[in-house]
Amino acid sequence: MAKVEHIIEALGRHKDPQSVHVLKDVGTNSSFDFVREQTARTLVRKNTHESLRTMIINEGKGINDLSPQVSEATVQEILELNNKEEVLKILEDTVKMHSNEEIKKNANSLQALLALSN
Amino acid sequence: MSKIINVKGLDFTKAIKPQQNQPQHNPFSVSFKGNELKADVFEFSAKKENINQANFVSKLADHCVNIKQQMLKPLQPAISFAGQVKQNAVNAKNNVVNTYNKLNSIQLNKQTFTAAINKVQEFQQNMNINKEVRVLMNKPVNELSDMFKAELQGIQA
Numbered sequence: 000m001a002k003v004e005h006i007i008e009a010l011g012r013h014k015d016p017q018s019v020h021v022l023k024d025v026g027t028n029s030s031f032d033f034v035r036e037q038t039a040r041t042l043v044r045k046n047t048h049e050s051l052r053t054m055i056i057n058e059g060k061g062i063n064d065l066s067p068q069v070s071e072a073t074v075q076e077i078l079e080l081n082n083k084e085e086v087l088k089i090l091e092d093t094v095k096m097h098s099n100e101e102i103k104k105n106a107n108s109l110q111a112l113l114a115l116s117n
Numbered sequence: 000m001s002k003i004i005n006v007k008g009l010d011f012t013k014a015i016k017p018q019q020n021q022p023q024h025n026p027f028s029v030s031f032k033g034n035e036l037k038a039d040v041f042e043f044s045a046k047k048e049n050i051n052q053a054n055f056v057s058k059l060a061d062h063c064v065n066i067k068q069q070m071l072k073p074l075q076p077a078i079s080f081a082g083q084v085k086q087n088a089v090n091a092k093n094n095v096v097n098t099y100n101k102l103n104s105i106q107l108n109k110q111t112f113t114a115a116i117n118k119v120q121e122f123q124q125n126m127n128i129n130k131e132v133r134v135l136m137n138k139p140v141n142e143l144s145d146m147f148k149a150e151l152q153g154i155q156a
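Protein sequence lines correspond, in order, to chains A and B. Read in numbering that gives the first Met the number 0, the first sequence has 97 at position 98, and its numbers run on one by one without any break. Read in numbering that gives the first Met the number 0, the second sequence has 13 at position 14, and its numbers run on one by one without any break.
If you're looking for bench data, these hints aren't it; they were derived computationally from the structure. Among these hints, one or two may not hold up.
Label-pair ranges, simulated between beta-carbon atoms [as the list claims (entries may be wrong)]:
1. B:109 - A:15: 24 to 34 angstroms
2. A:100 - B:154: 27 to 37 angstroms
3. A:104 - B:134: 35 to 45 angstroms
Once the Cα atoms are required to be at most 30 angstroms apart in a straight line, the calculated DSS-like pairs of lysine-lysine come out as [stated by the list, open to error]:
4. B:118 - A:83
5. B:138 - A:14
6. B:109 - A:83
7. A:103 - A:88
8. B:130 - A:14
9. A:2 - B:118
10. B:130 - A:2
11. B:148 - A:14
12. B:118 - A:14
13. B:109 - A:14
14. A:23 - B:148
15. A:23 - B:118
16. A:2 - B:148
To give a feel for the contact side, a few chain A residues facing chain B, derived at Cβ under 7 angstroms [to be verified]:
17. 3
18. 8
19. 10
20. 18
21. 25
Note that the Cβ used here is the ideal one computed from N, Cα and C, for glycine as well.
Next up, chain A with everything else stripped away, as it sits in the complex:
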């Protein structure tokens, strides 16, 4: 039987775009913090529009997760990205247009953090 960590990593490295949907539907909705944390890290490392969008604008996922462990791990992974072009674009759109004030606030904080880190 394969370990959960190995399955998440395999999905993260998989070339099929459907792997993002599996991580989004199964991994980020898990009741286990360690599964959500690893899924969030994997989705950020994918660095695609779809995976980053899930981590930034969805309520209760990624940087908006209720578990500080998961949200901090997501922020840390975003800060470690080599190419931050896509994440900055999504954050800008989220700050400008998102209807949820809490999500807007989190996106704004992350944007400021990224600006400081550069």
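Guided by the hints, dock chain B onto chain A, whose structure is given.
Quick look at chain B alone, frame taken from chain A:
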């Protein structure tokens, strides 16, 4: 000179004496102390010297050749080694030239180069991946999704 003739058991010897010291009467000959001087008596001493000198020169030349061969004999391995080194150098030069020509004949465009670099990077990344993950990466996403769900249910139970 004598000849022995045997005829029906009878032996008799008929000796034929050679005519020795019979002077040949040559009207133009010159005599010295009663003996007729022949033409070959008058040999030039210079001719003999020339012959002796020629023999000496040829012997000297042979000797020199022998000395040269004897001197070169111990150096033969070194000479053959030097020959091999020279041959190797020529081969190396030819190889370099051939490689250069081959490289010149290959047309590298940016796309091919980028693809090759990506392949190498992908290979290096795969080398660092866990073996189990590599096996799972080759499976279809649907199968991985089912495995993921089953594993989470197993943890909950």
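Return the numbers of the hints above that this structure violates; sort them in rising order.
The structure breaks none of the hints.
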